[in-house]
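Combine both chains into one complex, guided by the hints.
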Amino acid sequence: MVVNKMDQPTLWPKKKINLGLDLQGGMHLVLEVDTDKAVENTVNRTYDELRGFVKQNHIRIKGLRQTNATSIILTLRDDADVSQAKGLISDEFRDYTVTNTKVDGSETVKMVLKSAEIDQVKKMAAEKALMKIRNRVDEYGAREPDIRPQGEKRIIVQLPGVIDAEKARNEIGRTGNLEFKLVDDVGDLREALKGNIPPGDQLYYYRKDDPELAGRPILLKKETLLTGEYLSEARVSFDQSTGRPQVGIKFNTKGARIFAKITEENINKRLAIILDGEVYSAPTIQSKITGAGRITGNYTDESAKSLALILREAFPTPVKILYEKTVGPSLGEDSIRKGLISMLIGGALVVLFMLVYYKASGLVANIALLVNIVLIAGGLAAFSATLTLPGIAGIILTIGMAVDANVLIYERVKEELRLGKTPLAAVDAGYNRASLTILDANVTTLIAALVLFQFGSGPVKGFAVTLSMGVLSSLFTALILSRAIFEYFLVQRKIKRLSI
Amino acid sequence: MQIIKPDVNFDFVGRRKIAYAVSLILILASIASLIAHGGPKYGIDFAGGAEVLVKLDAPVTIAQVKSALADIGLKGSSVQEYGQGLGDNYRILVAADQATSTDLAEQIKAGIASGTGVGVDDQSFSFEMVGPQVGRDLREKALLAMFFALLFITVYISGRFELKWFISGAMSACLALAVYALHLVNLGIPMLMLVALIVTLVLFWFLNLKYAMGAIVALIHDVTITVGLFSLFDKEFTLPIIAALLTIIGYSLNDTIIVFDRIRENLRKHHRDPLTTIVNKSVNQTLSRTVLTSLTTLLVVIILFVLGGGIIHDFAFALLVGVLVGTYSSIFVASPILLAWQKRK
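Heads up: the sequence lines are chains A and B, in that order. For the first sequence, this note's numbering assigns the number 9 to the initial residue and increments by one for each residue that follows. For the second sequence, this note's numbering assigns the number -16 to the initial residue and increments by one for each residue that follows.
Hint data in this document are derived by calculation from the structure and do not stem from the laboratory. One thing to keep in mind: the hints can contain errors.
Lysine-lysine pairs mimicking DSSO-like chemistry, simulated, CA-CA at most 30 Å apart [unchecked claim]:
(1) A:K346 with B:K(-12)
(2) A:K131 with A:K110
(3) A:K230 with A:K175
(4) B:K24 with B:K58
(5) B:K(-12) with A:K367
(6) B:K124 with A:K45
(7) A:K136 with B:K49
(8) A:K296 with A:K229
(9) A:K422 with B:K49
(10) B:K58 with A:K422
(11) B:K49 with A:K175
(12) B:K264 with B:K252
(13) B:K24 with A:K175
(14) B:K49 with A:K328
(15) A:K346 with B:K218
(16) B:K58 with A:K328
(17) A:K70 with A:K258
(18) A:K130 with B:K124
(19) A:K346 with A:K328
(20) A:K328 with B:K24
(21) A:K346 with A:K45
(22) A:K277 with A:K175
(23) A:K136 with A:K122
This one's a predicted model, so the numbers in the text were calculated from it and none came from an experiment.
Isolated chain B (complex conformation) (with noise of 0.2 Å):
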């Protein structure tokens, strides 16, 4: 059985420009997305506050559920519903100053009970409470997590891929002890991952690291498109979320080292061909693969999405996302930028 066609020969390489443009107007979508919402929503795990899970006795409505807080001093806090929707199983959200007192949770507990006159079910109770100090740990710790893993991996792209283990390692060495130093300087965590991110993008450049600029490229082109769409819908981040994010840069880089494999491979078989024809030539050799896996992956990120439960739904969204814009970019970014060298020599 076959989906793709083993003689199959689209020319991706030559239709890139148009792929860019694409790819830039969603990356600057999922950018205008993040000011317009004034930066990512983060969840209680980044920005302190409490979350607390109920299941009532009896179905009540938001509106008696939100009354009831607001009884117990908790006014701003953010209701929803979720669950199977029969209106017993509530999400409250109390925001990072309210959520100070040491016995809130049964605070609420009680409040609600009293409130709505509809008993609270103690076995399905879960609350969640992160101090501001812990959220801004967190979050400083996720981002230099990131970008610790982006260093390493490009180290071994540019060691396996070009043999230059010592130059990357060097720099990335640099790099990590520049962002380290001016970490404890208290320099702001996410201005500085933004700033270490264009210098090691224009130090790969100088370098010559092509396959670790492609591969970084098409990184952060799926991690940003992720995080826009995460954006427009609304959505929370929270640690599973950062989670998810690693696993769709390992998922991305998977894809994109499978076809710079292939380029490696086919260098060396037709090293008289132009290197336009041989990194078209090995994403159609590798097309097949390509759209298997992502098919496979889909699959089952899927069915978590559909499944999972509402705790594990937006890690799921996230997942789904990322593969597919992984996918989308091991073919249309990653490896046509090894391409740009060329052009200017």
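In isolation and in its complexed conformation, chain A is listed as follows (with noise of 0.2 Å):
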């Protein structure tokens, strides 16, 4: 077998221990979903259409007014209307409660959207934030993302190695930006692409996902008609005669009038669907649309649902920024240099300690530390946990403390000794007795390390786990492993002078 150079060990086996953003560089970002503004957002919506639905319905009112993030209150012109308005209100927005009082004289009809509602806004707004994310992160094609919910509306996103962390936080911090342009038909596209773009024309290309026409140019007017705060509902439905996918939508009032306008004043032209920057689909406008419109043409399932999904991701719930972290590529390569020449710089001294306080029996306590740090990081590539730079200074901690039970146990052995026991009596009365006190001491500190880990975030996390496993190992190597040790040379090799 040939093996490559490069697939050789190094001296820190990178491919199994995953290594903290503190240490390889990388971007660590802790979003909040504002779904406070989802909810508001759902009730402004509401309260567009409720002035098409009275108009609609002849319901004669004084005054309709939102009152606060979630209710509107109606204000009747004639009291003998109420109880038919409000049936009509409740049968229409069942995501309301709709009650009503007598204020000033005349009757208000007030609707307050329901808790189980707000709580299902919120939800969506969070879920449909997460999934923005991930796609915005896998589109920019970020190395071993991490990506997930912390709560009910916050969001952590890691991304190692070296990125572009204006670039990242800008593709992610944005809300999708969609905007309605009409196609420039007439206009040259090929003179266009040589720079003589027609004057009030821009260029645009096709989204570079798209099946058929990723990345084709498209000559648009310049003008925006149509953003997509005025989109009140996206989703996909089939045609009736032909069963094809298309993808309905729906405007709010405002929008439904400026959309009825364009549509009217552009029948046979076409209008490109634009999100941030990107042409997603440019269909002809067959007829004036009013309100609600239904965008067709060559769609699978697939593509209609993603349409629809990307319209809805138009609908604006910011996302704010509550802690970002972004950590230099090198700046990591010197907290490791140094994290690791002050380990073995420690280390060595400790082990030099041992071996000139405990002459043999100091060898074997060295031997256990060994085995102690190729169990931590074997233990964290098991566990696949993540090396942080206070998780390093956790292992040389352990390093520190880790001869502690062995210098208990020695100095036990050593009062035992000078009892007169035989060396092995020594032994054993000296891991008998220490025994106890190792256990004690050591489920303290494994307590104090999993509070801390329950409690404590990234770096923290990382330092209780270090701090955890060498807890762990040093009860192995020191009770059972350096025994094991001793009894070989006692009782196998019959030795009968403990060097200590």
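Below, the structure is given as structure tokens:
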């Protein structure tokens, strides 16, 4: 078998132990989805719809106002209409609790968004934001990104490795910008590509993952006719005559008026749908569209679904960056180097000290220490835990504390020897007496480490993980491994004098 | 080889009044320093704000960096040099109210490059921004973590040393619930923790949980003095420092428990001896181990402090102080406290 030089193990098994962002560089973000805003948007849309609804159903009102983020109040012109109005509204807007009261002598109808619906809207908004960020990060092509929800409305994004922090931040933070623009079918696309763009036009390209038109140029009018904020709904439906999938869209009252005007004036022209500067679709306007429209075209189930999703994505639920950490890759290398150097020197000094102080027994303790470090490294890889800078500190600390168990045992053995016991009896007594103490002491440290793991985040968690592993492995090496070595020499090899 | 002679017999317990006085002075000094500095100095983890580490392609002065920052509207930011002192590595702290822009990192990078006329190394650029909400969450979590760790540990100690599993468990459960409930009604966490700690100590006293009391007093002693020294040297509290404090708790407890263990053993062997003699004997018997372990741990921590690099420096400092104070407290504070009950009777 030919072994490539690159495949040979290096000192630090990079492939197996995950290095934290502080060690390998990268970006860590904590985002918060403004779910309250999503609720407000929902009520805003209802408010818009309500105005149309009131007119359509001839409910005479004096006033209509949104009193807070979740409720709307209609003041009726005629008190006698109240039960009819209430009935109509509660039939149409089922997500709301509808009540009536008398305020200043006039009957009012109050609509409050149901709390189950509020939770639902919030949940949907958080899920949508998570999906959106996943899509964008995938598109961005980050290596091994880690994106997961935290709690109800927070999202943690970790992008390890070398990345362009600015670009990543912008990609993730932006809300979808949906625009509608007319297609210029008259202008010369070939000339435009050479740089002679007709006045009032702009060159766009189809989105990169479009199955047929990916990356193709298209000439559009510069003017934006409508933006995503007027859109209230987008879902997949099927054409009743052909059975083909299509995307049904609905605008709010104001958007519907604008859209009706645009479509009326531009029948048989093409209207491009642009999200974040990329053209997704450019269907032909077939008739004047009021309120609700359909985007038809050559869609499969999948592509219709994704277009609907894209349109829905454009409903702005703002995402705020609560926490950001960006570490340059060479800063991380520097940390690893310094951490390793201090670990090696610290370890060497401890090893030397043990040898001088306890002689041959010190050697046994040092073997235990070495096994300890190997076990921690192995444990980190096995549990695919992440090694962070405080984690390295945790390992270094374990080196210091791991010898404690051996010191404890050896001091006890010395005491027993002074009482005149044989080496074997002294070792036995020393281990037996010390075991309980070591167990007690380590369990308490373990408690501290576990609480730290439960409450801590990021780097502190890494520290807690290495500390816990250190405690467990030093329990094993001190109580089982080193004892086995002693017993081998004292029982099997029948050594009579203990070098301690 | 021996550092501490086997037949050593210092009268630690007899001199405990002196030790108490020393500890009291240190604790009062710590509290005084905290008050003088207006509470602990929180790093950006807890206070919010932004921290930037930049490496410039050529040396510049602090004044140049400061004026470059002032040009982009970050006038109050603190600028420190770090690293080897070559004038090319700087640490910039932007206060929470100024760290609001989403592309702050790019602004600072570009601002420094244009303000000083020296390029910024992209590969060594580090940026950390913490929103105020996250800062408060972390602060509360850290304090709660410390408190819960203490409660769990005391249950274990009371159970193992005095077989009072039930009474200490019930007490801790009540305390934990009370703290959790009060936390839900939005009582300020730092105040809550202070009250909870005092209540805990009073309960220990009346429930006669000697060992837990001794251990906890020693821990409060160690943590207070470490925090006080941090405040005295004007160092910042960050998440890794909380990790260091918890490690100190673990370490000091380790020391304390080893002495307690010996006391328990000697109580069984020499049950006729007065407690004072037994405590003193136990401290002396474990002295060699205490000193040796502290020595090896200190060795490692000192290396970490000197060679670990800028980021780990404060962490190592906390451990350094903690190991020293922790060793002292397990000899002079934790065990003599066991004697406090004796005198009352």
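How the hints compare with the structure:
1. A:K346 with B:K(-12): 38 Å, violated
2. A:K131 with A:K110: 35 Å, violated
3. A:K230 with A:K175: Given pair A:K230, A:K175 holds - Cα atoms ~25 Å apart, limit 30 Å.
4. B:K24 with B:K58: 20 Å, holds
5. B:K(-12) with A:K367: It holds: about 18 Å lies between the C-alpha atoms, which stays within 30 Å.
6. B:K124 with A:K45: Holds. B:K124 to A:K45 sits at ~27 Å (cutoff 30 Å).
7. A:K136 with B:K49: 42 Å, violated
8. A:K296 with A:K229: Cα-Cα ~20 Å, so holds.
9. A:K422 with B:K49: 61 Å, violated
10. B:K58 with A:K422: Violated, at roughly 64 Å.
11. B:K49 with A:K175: 27 Å, holds
12. B:K264 with B:K252: Holds, because 12 Å separates the two Cα atoms, which is no more than 30 Å.
13. B:K24 with A:K175: 34 Å, violated
14. B:K49 with A:K328: 29 Å, holds
15. A:K346 with B:K218: 22 Å, holds
16. B:K58 with A:K328: Cα-Cα ~25 Å, so holds.
17. A:K70 with A:K258: Given that 30 Å is the threshold and the Cα spacing comes to 27 Å, the pair holds.
18. A:K130 with B:K124: Roughly 25 Å separates the two Cα atoms, so the pair holds.
19. A:K346 with A:K328: Status violated; Cα separation ~35 Å.
20. A:K328 with B:K24: Holds, because 27 Å separates the two Cα atoms, which is no more than 30 Å.
21. A:K346 with A:K45: 46 Å, violated
22. A:K277 with A:K175: This hinted pair is violated, its Cα atoms lying about 36 Å apart.
23. A:K136 with A:K122: 21 Å, holds
In terms of the numbered hints stated before, the structure departs from hints 1, 2, 7, 9, 10, 13, 19, 21, 22, listed from lowest to highest.
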